[in-house]
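Fit chains B and C to the given chain A structure using the hints.
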Amino acid sequence: MPLLALSSIHKRYGSNLVLDDVSLDVETGEVVAVIGRSGSGKTTLLRCINGLETIDQGSIAFDGKPLPPGGSELRELRRHIGIVFQSLNLFPHHSVERNITLGPTITNKLPLAEARKIALDVLREVDLEDKLHAYPSQLSGGQQQRVAIARALAMRPRLMLFDEITSALDPELVGEVVKVLERLATSGMTMVLVTHEMGFARRTADTLVFMHQGRIWEKGPPRELFAAPKTPELESFIRAVLDPND
Amino acid sequence: MSRDFEWPEFLFLLGALRWTVVLSLIAFVGGGIGGLVLAIARTSSHAILRWLAATYIGVMQGTPVLMQLFLAYYGLAVLTGIRIDPWPAVTLAFTMYAAAFLGEIWRGAIQAIPRQQWEAAAAIPLAPTAQLRHVILPQAFRIAIPPTVGFLVQLIKGTSIASIIGFVELTRAGQLIVNVTFQPMVVYPLVAVLYFALCWPISLVALRLERRIDAALGIKQHS
Amino acid sequence: MKYVFQFGIVWDHLPQLLEGAWLTIRLSLGAFALGFVIAMLLAFLRTAGPRPLRAAIAAYVEFIRNTPFLVQLFIIYFSLPAIGIRFEAITAALLGMSLNFSGYATEIVRSGIEAVPRSQIEAGYSLGFTRLQIFRHIIVFPALRTVYPALASQFVLLMLGSSIVAAISAEELTAITNTLQSTTFRAFEFYFVATGLYLLMAVGARLLLHAIYWAVFERARPVERGWSR
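Protein chains in written order, with the working numbering: chain A, 1 to 246; chain B, 247 to 469; chain C, 470 to 698.
I should point out that these hints are in silico values taken from the structure, not numbers from a laboratory. All residues carry an ideal CB built from backbone N, CA and C; glycine is no exception. Please note: incorrect hints may appear among the correct ones.
What the hints assert, rightly or not - Every beta carbon over 10 Å from chain B, so not counted as near; a handful from chain C, in silico:
{"id": "1", "residue": "H482"}
{"id": "2", "residue": "P521"}
{"id": "3", "residue": "N535"}
{"id": "4", "residue": "F538"}
{"id": "5", "residue": "V540"}
{"id": "6", "residue": "F543"}
{"id": "7", "residue": "I559"}
{"id": "8", "residue": "Y617"}
{"id": "9", "residue": "V625"}
{"id": "10", "residue": "E640"}
{"id": "11", "residue": "A680"}
As the list claims (entries may be wrong) - If you anchor each label on the Cβ, the simulated ranges turn out as follows:
{"id": "12", "chain 1": "A", "residue 1": "L17", "chain 2": "C", "residue 2": "R523", "range": "58 to 64 Å"}
{"id": "13", "chain 1": "A", "residue 1": "M198", "chain 2": "C", "residue 2": "W683", "range": "28 to 34 Å"}
{"id": "14", "chain 1": "B", "residue 1": "P447", "chain 2": "C", "residue 2": "Q485", "range": "41 to 47 Å"}
{"id": "15", "chain 1": "B", "residue 1": "L260", "chain 2": "A", "residue 2": "A113", "range": "39 to 45 Å"}
{"id": "16", "chain 1": "B", "residue 1": "P374", "chain 2": "A", "residue 2": "E114", "range": "22 to 28 Å"}
{"id": "17", "chain 1": "A", "residue 1": "P171", "chain 2": "C", "residue 2": "S588", "range": "58 to 64 Å"}
{"id": "18", "chain 1": "B", "residue 1": "P374", "chain 2": "A", "residue 2": "G175", "range": "36 to 42 Å"}
{"id": "19", "chain 1": "C", "residue 1": "V506", "chain 2": "B", "residue 2": "L260", "range": "21 to 27 Å"}
{"id": "20", "chain 1": "B", "residue 1": "L282", "chain 2": "A", "residue 2": "E76", "range": "27 to 33 Å"}
{"id": "21", "chain 1": "A", "residue 1": "Q57", "chain 2": "B", "residue 2": "R458", "range": "46 to 52 Å"}
Chain A extracted, bound-state conformation:
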């Protein structure tokens, strides 16, 4: 049974069909990279998975159970799904440690000492254990994103969602974040990433999903899609991404 099953998702914004009959299964341990132009619906799709956006038609099932519409049931589900946004993830008025321990102590009701141990562990996984007591404003963009990943990991999620987490970073800071993503993928985490990092997509993703005009245009192993795109839209997208001056 797939960990995440999206079936025939439709979503409208006013008269605009943002998601058009989208279906996708994600197996445990699978790494899915979603690519496409702005406006293709990829970010919206990601945000539907943990209920940040609602769908008009279709179904979303996590671990066989349908996504609750809201309230405490949705909250319960969100304990198992972590998400990292493009920016403004961290709470600027809390230290790194407090950012990470908020979830475990308040929602998982763990004692503070145990939460602190978890914080140290997850920071180690992202190579930032020396920043335990720093404040977000003292960190670089890449470090902030890594802490955001650590914070999500502290809840021991079964699925991690990433919404273009390197797009707002200065180029020299991207590498350290991608390294963490690769490590996470190797460790067997189920991941769905909306990304522009084609290198990562090609090397590490199990499945590449190309979205265009709200639909899944092509789907398959990245090597295949990159080497032989079946549709002209994917072909021109690849060319534009690899050489923007085309």
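The following block gives chains B and C in isolation, referenced to the frame of chain A:
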């Protein structure tokens, strides 16, 4: 027989200044509590709460404070048939007024927090009360301090209106002294100076706080 | 509750109330016009005038903003006669409202002036404009556009604040309401209706000001640097 304006008269003014301060503080604290409730209602996900809070704020901000005071003092007295003491009426009117304005200020502060912070908090997940308590309100509080302090000045100046219904605060004291000394050229400017001495330092503090917040936000945006 | 509402009495006196409301509107518009002109002048001098003048204007603004409007009115209406300057109630009201408004408007306009990008002003210098020409052709319109919402709010505050001039017996809406309720003993009904009239005027003013913004300023939106989806 008229008196000269001398020390006893000046001390009388100072005594009344005390009531200006007391009234302002009571309204500020009471209005602060009310304002917090209003701000949370105004930004909640329940449409009815939002509408109720917005209507209250809209009416209080769309009508003169003096009218609100008259309604609280004369209006209520006529309705209930009992003579209302100035203190409760004045306190009620200014507290309700302060609640509306502080509510608006704090709503603005809450809405200045990027949507992403709400979503990040909800995605952890944190329950709505926890989101407010640990993520949103602490940040909103910082943003709200300078305009809140600035409003205190507005409130202090506003209490001068209580003189119109005979409540003895600083302005009314000035009128009483003028009635006895026939020296409006001395008394009213002096009253103005006393208000200035009270308000201006507070205004300066608000300005300094605002500059500090702007600087802090500037730093954060660069990292 | 023993009280019996008699709004009919208010209805009978509606013409007088409206008369008062009309004075409120005229006072507000007049004070806005006068106060705005003063504010423009002071804002210009505050940014481009000689230093002692700048300090004097700053002091004036601080005085207005840190003392109650009622006290300012009393000084104009009661204190000045002692040195021979006497005003009628309405004139004193208009003067007081204008000066009070100018204190706030000067700061608002000044912040609008300072918000105009330096590069625009430098472009003016390189075209050979004098300071006054730069002010007139480059600064005024964008500055006003930026601060329009603040000025609009200040106008509504001005209009609502006009109720205070009842204290010096200028016959605007509040004063008339006071007189009527004391002669008919219908305090609640009269204050309630008068408050409603103020609310109507405030809402009407806001709508009108919105419409004016759209008509005058919307087309001149500043060029933005790029729009991420």
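Verification of the hints:
no.: 1; hint: H482; result: holds (16 Å)
no.: 2; hint: P521; result: holds (20 Å)
no.: 3; hint: N535; result: violated (4 Å)
no.: 4; hint: F538; result: violated (7 Å)
no.: 5; hint: V540; result: violated (5 Å)
no.: 6; hint: F543; result: violated (5 Å)
no.: 7; hint: I559; result: holds (18 Å)
no.: 8; hint: Y617; result: holds (18 Å)
no.: 9; hint: V625; result: violated (8 Å)
no.: 10; hint: E640; result: holds (15 Å)
no.: 11; hint: A680; result: holds (18 Å)
no.: 12; hint: L17/A with R523/C: 58 to 64 Å; result: holds (59 Å)
no.: 13; hint: M198/A with W683/C: 28 to 34 Å; result: violated (46 Å)
no.: 14; hint: P447/B with Q485/C: 41 to 47 Å; result: holds (44 Å)
no.: 15; hint: L260/B with A113/A: 39 to 45 Å; result: violated (56 Å)
no.: 16; hint: P374/B with E114/A: 22 to 28 Å; result: holds (25 Å)
no.: 17; hint: P171/A with S588/C: 58 to 64 Å; result: violated (29 Å)
no.: 18; hint: P374/B with G175/A: 36 to 42 Å; result: holds (38 Å)
no.: 19; hint: V506/C with L260/B: 21 to 27 Å; result: violated (39 Å)
no.: 20; hint: L282/B with E76/A: 27 to 33 Å; result: holds (29 Å)
no.: 21; hint: Q57/A with R458/B: 46 to 52 Å; result: holds (51 Å)
Hint compliance for this structure: hints 3, 4, 5, 6, 9, 13, 15, 17 and 19 are broken, all remaining hints hold.
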